[in-house]
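Given the sequences, and given the hints that come with them, work out the whole structure.
The number in the working numbering is simply the position in the sequence shown, starting from 1, with 1 added.
A portion of the hints provided could be inaccurate.
30 angstroms max Cα-Cα, derived DSSO-like pairs, lysine-lysine [stated by the list, open to error]:
id, residue 1, residue 2
1, K184, K269
2, K401, K217
3, K70, K193
4, K812, K1003
5, K168, K184
6, K717, K842
7, K951, K1003
Just so you know, the hints here were simulated from the structure itself, not pulled from any lab data.
Here the structure is a predicted model, which is why all the values come from computation and not from measurement.
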Amino acid sequence: MSEEIIRQLESAANIMTAPPNVVTDEQRRSAETVFLDFRKSKLPYGLCRQILEVSQVHYVLFEAAEVLKSALIREWSCLQESDIISLRQYLIQYVSHRNDLPFFVQERILQVIAIMVKRGSVEDFGLERTSILNEVENLIINGDHTKKIMGCNLILNLMQEYASTIKSTDVGLPWEIHFKAKKQFEATDLRKIFKFCIQLLSNIIKNESMDNNTVKLMEQLLIITAGVLTWVVLYLNDSILPKRLIGVYESVYEADQSPSLRLGANWKEIMLAPQLIPLVFEIYWKVREYELLLHQVLTCLVQLASLNGGVMNRDEVRMEYLSSYIENFLKILRMINSNFKEKEVLGLSNIVKKLQLFFGQDFLKIPQNVQELYLNDITHITCCFAEGAKLEEAQSLDDKFYSEAFDNLLEAWTGIFQECASGSDNILFQSATRIFNTYLQCHLAPPDGSRIQEKECEEIEDNEDNDRIKYKDQLQIIGVFGRIVPSHCLPILFRLLEDRSNKLKSHFQTMQNYTMTLNDSKTLDNLFEDIHWIILIAGHVLCMDCEGETPMIPSEIMQYSIQQCNKMECNLETTLKVLASVREVVFEIDCIEQCDHAVRIFSDVLKLCVLESSAGHAKLGHFMSPEVGCTLMWFLKRWCMSYLLPTENFYQEISPTLIGALGGDTDGATFVINFILGKIQSNICQFNSEPILLQDTVDLFADIVCVKQKSMYIVKTEGLWNLVNLQTELMAGLLPQNIRRGLYKGFVLAGASLTDLEAMNEYYRRILKPVQTRFKELEFRKALKCQPLRLFFEYVVPILSELPVFLNLYKNYQLIVQLILELFGQCARHTLCYLSYLDSKRLYETSLATVQMYARCNTNRLTTEVFSEESNFQDLLLVLEFLTLILSKECFDLCPHSPTEEVTVTAADVSLFGLNFVLPLIKIELLMYPSLCSQYYKLIVLINDLYPDKISNLPDDMLKQLLQSVELGLTAGFGTDVLQACLDFIQALATHIYRKSLNNSKVYHAVMPFLKLLMNLTLSHEISSDMMTSASVCIYILICCYVEQYQMIVEGLINLQSDPLIAERLATAFNQLTNNVQLNCERQPKLKFRDNFDKFIANVHGFLLVK
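As structure tokens, then:
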């Protein structure tokens, strides 16, 4: 009999693995049936052993192992202990002696062994597991190469099963048992495995050379070692389960980076052994040429750099460990010198990052010479990685190893500056200088820099981030470096900027007389790129990003300016002279060295603005770089927000030069304001075909006028009124709408700073009168004297009233139908909240007629058509959006009601009619489209929030369909947004039922099943941990409505438990859930129930849920 089964299986396997053109579909289906029947076999252990012994077909061997796994999980409680031990020993012997097994078969059999070991350890507390691990370790030490690899793979399978992640097998144990088994494994054998691997690795690296077998063995041992060091150890009392236990392991598995190495005091002997750190670094150097091994050993080193927890409970222990780690790390860095491999740079940078994160505060305690060596070496690798990142960017490589590594090191440096600012000033200054210089050189063309000349200038994609966004984090940190050594960085920046500006000026002068050659074009491109990066870096040195905070002059720049004054290195007169000369674009000014350095950079930027505008006037504007133009506007915005008209009260000390040149009521500030407003005007006139540059220009204007302390000066300047006049005189359509709006936004914001009412009225009259005049010039028949909104509405309503007829006429033209529906939606969105009741009524009546006509024309199409593409139901989506928007007046009404107005048609009538039409269409096939699904649930939640009484009184069929769609939203997995909407719907409707005492009404009975449904969904974890709080509030409201039904559900759940102990624990948990919680739908008891429910779920999931 067994031989016949094996023959059938092998024959079926041959068919399953045959090419499609060799076998028929019927043969393949028959073969699948054979294996499906085989998987259902009861007590298949003898048959599977015979298959493993006899069959030579690999597919059949794999299926036999799979059947063994399923049967063991299913029938474990029915098996004798002796049979389990016998089978486990047989499988271990089998994989040990079958060297010809393919990897996938061996791996599945090892998984079966690991499952058996874990299940057995639940009962014998790991005694048998320890014995098996001893055998495996012996096999790895004394066996041949194949047995060594097999032993390592068995350890890996054991670790995977005990880790209890989503990779672990579902073996039918409650989560509570999984948790305890994991804890018990961690307490005993995990340390033993780590110690064994380290010992074996230390023996292997003593050999001078490594053959292929040794490399393969080292790879397996390093994978195990890295697995131990990335293991998630949860330090909790055995009697306490973590809140939302199931989510703990899954969230860790899905995390981008491994968790830190947090170990308890019981790991001290292993982790603090003096030879451990030197050994791992020695392994790293030994295997550095082997890419397969390099990643694993770097993972180990990164994890060791994050060691924390009870194992590090004393300062002297931390210092000894840190000193050892840094000493060996520096030794490796010196051996590497600058010859980095691209696959190792990310790991090395992560080591620095982790050391700073976990040992940053201890760094000052190590010897001064070690500090200096460490800072020097990481300064060196930071510069090397900056160079590597530059090459990656130039070559447009997909893998950004150096770029990511450079970002990691910059992040580490921010912590170093914070922790070590008082301890190693000189070395920090040197490091900041070297890194700043390197970064600057990487972005400058030769000879001053090392930027690589690309062979072809690639077009920048429209959706590609510009440099100031793409490199925002880098530039912010480079700005920090620059502010640490302003006396070094600021002179470099203004000299480079003046040099490039002079060259650009000469270039434009030449271009006015000669035709530009290809070489000239390349030179110009390089000039623009240099200027762009110099300004970007200068902007981040001189100013800080202040999102949500008041922009201020950085304290380092302020102190530097004060020091310049104190040392007589600058004076106000020269600074003002340099500022006043910007229109001359002359860089060799007498006594320019006496100018404040920050203002000198600013004046150089203003000169570039003059150059750009001059090029436009000379008809050379098309040769200018829009990117440089955007960067100039960005710099001016940052500078003006921080330096122009500073508030003196915000500073403990303030530079006399800065306040004298740019403070309130100074000629310098007035000059700068007029200059910038003039530049804004120039950009609008000369570069109106560059939308991005125009947007940056308008952003500059809007941002500087939104600060009252600045706008109160701006409204008094001639430059503002020049800009107003320009806006009035510009032809319609010359500027994009968003630019026009941005300018008017700026004008309005500027006027808000005026405190005198008469002055404000005069200001706004001058601003808005031209707009009003132009509007009145529109030829709109007799309605010219109406208010603007009323005018438009009176014009549109007659058209809207005709659209139902048009919709019927063009019902087969989907585009026209969509345009009609979109017009109604826009009218509801933008006008409804401002309309009087009578006008609203007219819109409601027309809307109702349109929805009725749409329903009449499309019911058959929408119930029969197959929606293969999202565009097929675009009209239905527009209907749902319109039905939602028509309710806006109920939420936000800006028109007062007249007590004499009679209510006949409301927004509710339109929406409920539309809902009556839409409900029969809402099937799971349609809701699979996210946009339509989301809009439908938004609509029903809004209607329910506004009109719960109308929902309660819906016709029976309509109410049933509505609640069925809510149930579908809870169970079909449409996403958390839809799930939240359904919970909100139930909560609002149940609250209405409770507060209106609608007991025994049809809606009361219709909503009742949701209590049991939500209890089942939460207890079975079909609702995610993130949504559990919302679900608990909804359950509380339902319990308030259905107390007796809740008691029946609880009793039913308890009676379902076959284990009396589980039943008792469940009863206790339910009692604690509602203990001392009033069921009255009020806020305080609701919050108490929510907190109780969190504890309840964590508790019952531990012993009810099975994995």
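Consistency of the hints with the structure:
1. Under the criterion of a C-alpha separation no larger than 30 angstroms, the hint pairing K184 with K269 is consistent with the structure, at around 18 angstroms.
2. Taking the CA atoms of K401 and K217, the gap is about 28 angstroms. The hint holds against a cut of 30 angstroms.
3. A distance of roughly 27 angstroms separates the Cα atoms of K70 and K193; the hinted pair therefore holds under the 30 angstroms criterion.
4. Proximity of K812 to K1003 is assessed by CA-CA distance (about 38 angstroms); at most 30 angstroms being required, the pair is judged violated.
5. At most 30 angstroms may separate the alpha-carbon atoms for a hinted pair to count; K168 and K184 meet this at roughly 18 angstroms.
6. Between K717 and K842 the alpha-carbon distance is near 48 angstroms, which puts this suggested pair outside the 30 angstroms criterion.
7. Distance restraint check for K951 and K1003: the Cα-Cα separation of roughly 13 angstroms lies within the 30 angstroms cut-off, and the hinted pair is therefore satisfied.
Checked against the numbered hints above, the structure breaks hints 4, 6 and satisfies the rest.
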